[in-house]
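> Position chain B relative to chain A; hints supplied.
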Amino acid sequence: MLKRGLSAVATLGVAALILTGCAASAPAASGGDSGAPAFTDRGPITLAIGKISGGNAAQTAVDAWNKDHADEQVTLVELSAKSDAQRQQLFQNAQTKSDAYTVMALDGTLIAQFAANRWIEQLPKDDLGLDDRLPATVKTVTYRDNVYGVPLSTDAAMLYYRTDLLKAAGITEAPKTFAELSAACTAVKALPEGAGISCYAGQFDKYEGLTCNVSEIINTAGGSLLDDKGRPTVDTPEARKGLTQLVSMFKDGEIPAEAITYNEEAGRQAFLAGKLLFHRQWAYQYVSASASDGSSQVAGKFAVAPLPGFSADKGGASVLGGKNLVISAFGKNKATALDFAKFFGSAENQEVFLAGAGVAPTVAALYDDPKMLEKYPYLPTLKQSILTAVPRPAVANYDDVTAAIQDSAYAALSGTEGVDAALKTMQGKLEGLLK
Amino acid sequence: MTAVVHGKTRSAGTPARPPVRQSWHNEGRLALTLLAPGVLVMVVVIVLPILETIRQSLFGAPGLDPATGFVNETEPFVALANYTDIFSSTGERFWRALGNTSFFAVATVVPETIIGVGMALIMNQALRARALVRVAILIPWAIPTALSGVLWGWIFSANGVANAFLPTQVLWTSDGFAAQLAVIMADTWKTAPFLALLVLAGLQTIPVEVYEAARVDGAGPWRRFIGVTLPLVRPALVVAILFRMLDALRMFDLPYVLIGPRKSSVETISMLAQDEAAALRYGSAAAYAIILFLYIFLIAFVFVRMFGADVLGARDRVGPTRAERRAAKANARFIAAASAASPKETLR
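Each protein sequence line maps, in turn, to chains A and B. For the first sequence, counting from 1, position 299 maps to 299 in UniProt numbering; every step adds exactly one. For the second sequence, counting from 1, position 140 maps to 140 in UniProt numbering; every step adds exactly one.
It cannot be assumed that every hint is accurate.
[Stated by the list, open to error] Quick partial rundown of chain B residues pointing at chain A, CB under 8 Å, derived from the structure:
id : residue
1  : 71
2  : 158
3  : 260
4  : 278
Hint data in this document are derived by calculation from the structure and do not stem from the laboratory. Note that the Cβ used here is the ideal one computed from N, Cα and C, for glycine as well.
So that you can see chain A by itself, here it is in the shape it has in the complex:
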């Protein structure tokens, strides 16, 4: 079947090559609709993974495996470091039913889509040894109660804040609520050294980061994007309360106007330049903000706290990032692939990735390891963020869902649409998408 004629440059000849190529490699043991498939064949496989920041941690782990498995060698295929490009590579691989990638590191938001399209294999849950993982991370590899991946890494948002300025204003603790955050900001702005600083920023440009930030604020306010049965619930008082918080902070200037263009990098640069008092950001910012080589103006002057909430007893709810190891439905030697996925995502390897590259592990115990705590003082805060985290919706058409959320949220934040109208539109679109 010749599909995907869209790319008008594809010649029939090339397509024919691809077709014959995939006919030869059609998986022998493709999973039935019920239960995990049999993982039988053994032999050489590949691991497709984006670059793990901070050197060749992945290659080191692969080398360790290859030393003990002469007949089941693993070849590392490095994917693009940018998530868009990575996603595209994995999509193309799936659509051409290529066996180029056997084990793949997949974003949590893509699990549902890949599972629904039967591009990845359902895994035997009891065989994976996931008991030592943080429960929220297991949720990100689950689609319709079946497990499709080994949680390799995770990530959650934290509130970065300037300890020096809060101290100067006589504030000793990080704010637990948005009200406290605003009060602290007012106090700091009254100081000579706090003049001209912006209160708060997250990621508000129109991309996946906006979905994260909006999803968090709605969950934090006690609302949700979808209910337990997967029906959209964004036209609710709680969701309104959440989104209104961000919109009014934009209006009051507590969030600087330029934050509507912020992605992770732009926000990080602003925080490192000392222009932000509070910043909602992933864990990776900690190391770069601590750099003492002059690239960071705030080294030694900041700390992290869990995201603020709306009441003192209920903190903010982060979304989850992170990568999961999945097995391509079109790959060969799936018995080897399953063993290798378990090995690569094991507690031992996660410790290596954490120590070497600061990759947040999914194994709970590593967050309490004294050696790691010394190196990464933010781990307890991160753990707390992960424990209270609410993952983004696990739906097959996540692209459309996140686009609908971004469209309405961006209109509300940039002031072109009121909060009520924006949420009503969002609800309508989500209902159409999730019938």
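Structure of chain B alone, referenced to chain A:
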């Protein structure tokens, strides 16, 4: 007055073809044989993908089986539903994108033409640093569009260079008119050299004596430009503008990289097609692609009709024909004599 009139004139009548049927037949067969490989390649790389895209556009996205949670294996045949959806349910987005696409085509090609012609005139002058000037002008064209999108992204970031020169902070990369302006500026920067290159090729076919004649007859620089340069470079210029228009109507990577996807003020039809394809709805993506194809075809057709762009090679090369050159020379004299005749009339 040096009335330089070309002594040699083309022989009036074209030589009659020998009316031998046999030879015509043989020639035709030879031509067919020689053309066949080319035609075959065209069919494989152009006709078949277009037909396949049309076929694809008649199919919808496979639905999700609510019982199993799996996506269905087959794509349903939906006939023209993808097209009717574009004009009804997603109509607002489509018309906006069509408007943006057309707006960008005009708003980028006009400044590009003006600047491109200026650049070509500079490059055509025999300066001492001629090679250096040419290289400097052509560099933006050599940079891949996606890369120049990233470069301009830095310039237009909230704390970028562009804002450093402005009294207020303009949020270029957010949605709105500023975003359109950013795209236009970046595109002009990138593709004016392309126009300059084609116009330069046209300029170099204009013989020096035409200018000399005009100068001797007392035409100033501006009159020489209007009366001699523009009419003679017109065929090259029209083709260059046509190419640019077609290119601009397909604009995708610059707004996508510089401003970002799904921003309504800069979303073009190419971006809509990409957006649909990324969401695995190939049918509607193909429908957008077909509509864009037809739109570009229409614009190109109208343009060729209006300006007579010589894309089909009726004149066998880009540049003025001899007759045109003669006409321009006469024209130059005419102007110098302060005649009121418009250059166009003289040319015809």
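> With reference to the structure, classify each hint as holding or not holding.
Against the structure, the hints:
Taking 8 Å as the C-beta contact cut-off toward chain A, the hint placing residue 71 of chain B at the interface holds, the least distance being around 5 Å. The interface hint given for residue 158 of chain B is met, as the beta carbon of that residue sits about 4 Å from the closest beta carbon of chain A, less than 8 Å. Look at residue 260 of chain B: its Cβ gets to within about 6 Å of chain A, closer than 8 Å, so that hint holds up. At its closest, the beta carbon of residue 278 of chain B sits 6 Å from a beta carbon of chain A; the interface hint therefore holds under the 8 Å criterion.
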